[in-house]
Amino acid sequence: TQLLEQSPQFLSIQEGENLTVYCNSSSVFSSLQWYRQEPGEGPVLLVTVVTGGEVKKLKRLTFQFGDARKDSSLHITAAQPGDTGLYLCAGVLTGGGNKLTFGTGTQLKVEL
Amino acid sequence: NAGVMQNPRHLVRRRGQEARLRCSPMKGHSHVYWYRQLPEEGLKFMVYLQKENIIDESGMPKERFSAEFPKEGPSILRIQQVVRGDSAAYFCASSPRTANTGELFFGEGSRLTVL
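Here the protein sequences line up with chains A and B, keeping their order.
Position one of the first sequence corresponds to residue 1 (this note's numbering), numbered consecutively onward.
Position one of the second sequence corresponds to residue 1 (this note's numbering), numbered consecutively onward.
These are computed hints drawn from the structure, not numbers from a lab.
Treat the hints with caution; some may be incorrect.
Said to hold, decoys possible - For lysine-lysine, the following DSS-like pairs were computed, each having C-alpha atoms within a straight-line distance of at most 25 Å:
(1) A:Lys56 / A:Lys70
(2) A:Lys99 / B:Lys27
(3) A:Lys70 / A:Lys99
(4) B:Lys71 / A:Lys57
(5) B:Lys62 / B:Lys51
(6) A:Lys59 / A:Lys109
(7) B:Lys71 / A:Lys70
(8) B:Lys44 / B:Lys62
(9) A:Lys99 / A:Lys109
(10) A:Lys59 / A:Lys99
(11) B:Lys51 / B:Lys71
(12) B:Lys51 / B:Lys27
(13) A:Lys70 / B:Lys27
(14) B:Lys62 / A:Lys59
(15) A:Lys99 / B:Lys51
(16) A:Lys56 / A:Lys99
(17) B:Lys27 / B:Lys71
(18) A:Lys109 / A:Lys57
(19) A:Lys109 / B:Lys51
Claimed, not checked - One side only, chain A facing chain B, incomplete, derived with CB under 10 Å:
(20) Gln6
(21) Ser7
(22) Phe10
(23) Gln33
(24) Glu41
(25) Gly82
(26) Leu86
(27) Cys89
(28) Thr101
(29) Phe102
(30) Gly103
Glycine included, every Cβ here is placed at the ideal spot set by N, Cα and C.
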């Protein structure tokens, strides 16, 4: 059983479309991160959210942490081919020490 | 290059051989994490180390796998008597402090193929 479930698992869209990726858990996290990973490379941190209900924006990307700190979403506006990659949510469980638990991943492909 | 350095980037081993993966953290970082990733999957935590100490090895198989982070030199992930199921990408990450905010800096990974 995965602690952090992401949906959808795969997403293929056209340039200019909007999309939302979800990250859900039944556990409470003290913080939650979103990473992006490109083929042959390591994950790169996009954002960290720590407060329930927090919303952060990074250009065309909007990240939200659920009020109960059990879930998060990533919304991309007007997707571009450069957004293509594997999006991973990750979190530190409340009382879980220093271990970062990763989600199942969402593979996004944005086509021209 | 001030990033996390991993080597080798690619490693091929036959069943029963040993694999040694090395990780040099970012300058000033004293906390190292190892993760394993199978194709099209997320990353699975293996072990968390500080200099000369293993802090959390709850994700590491009890047999054949070991990790160290000596006072001098890189962190080493060692896999003895490799089997085909060990084929994966192994990522190292570092942080300047305890990563209770989850902000880790990852290397580009070492891809192990067991024949």
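Hints, verified against the model:
no.: 1; hint: A:Lys56 / A:Lys70; verdict: holds, 17 Å
no.: 2; hint: A:Lys99 / B:Lys27; verdict: holds, 21 Å
no.: 3; hint: A:Lys70 / A:Lys99; verdict: holds, 16 Å
no.: 4; hint: B:Lys71 / A:Lys57; verdict: violated, 40 Å
no.: 5; hint: B:Lys62 / B:Lys51; verdict: holds, 21 Å
no.: 6; hint: A:Lys59 / A:Lys109; verdict: holds, 19 Å
no.: 7; hint: B:Lys71 / A:Lys70; verdict: violated, 38 Å
no.: 8; hint: B:Lys44 / B:Lys62; verdict: holds, 15 Å
no.: 9; hint: A:Lys99 / A:Lys109; verdict: violated, 29 Å
no.: 10; hint: A:Lys59 / A:Lys99; verdict: violated, 29 Å
no.: 11; hint: B:Lys51 / B:Lys71; verdict: holds, 6 Å
no.: 12; hint: B:Lys51 / B:Lys27; verdict: holds, 13 Å
no.: 13; hint: A:Lys70 / B:Lys27; verdict: violated, 34 Å
no.: 14; hint: B:Lys62 / A:Lys59; verdict: violated, 44 Å
no.: 15; hint: A:Lys99 / B:Lys51; verdict: holds, 17 Å
no.: 16; hint: A:Lys56 / A:Lys99; verdict: holds, 23 Å
no.: 17; hint: B:Lys27 / B:Lys71; verdict: holds, 14 Å
no.: 18; hint: A:Lys109 / A:Lys57; verdict: holds, 21 Å
no.: 19; hint: A:Lys109 / B:Lys51; verdict: violated, 40 Å
no.: 20; hint: Gln6; verdict: holds, 8 Å
no.: 21; hint: Ser7; verdict: violated, 13 Å
no.: 22; hint: Phe10; verdict: holds, 9 Å
no.: 23; hint: Gln33; verdict: holds, 4 Å
no.: 24; hint: Glu41; verdict: holds, 5 Å
no.: 25; hint: Gly82; verdict: violated, 19 Å
no.: 26; hint: Leu86; verdict: holds, 8 Å
no.: 27; hint: Cys89; verdict: holds, 9 Å
no.: 28; hint: Thr101; verdict: holds, 7 Å
no.: 29; hint: Phe102; verdict: holds, 4 Å
no.: 30; hint: Gly103; verdict: holds, 6 Å
Of the hints listed earlier, those the structure fails to meet are numbers 4, 7, 9, 10, 13, 14, 19, 21 and 25, in rising order.
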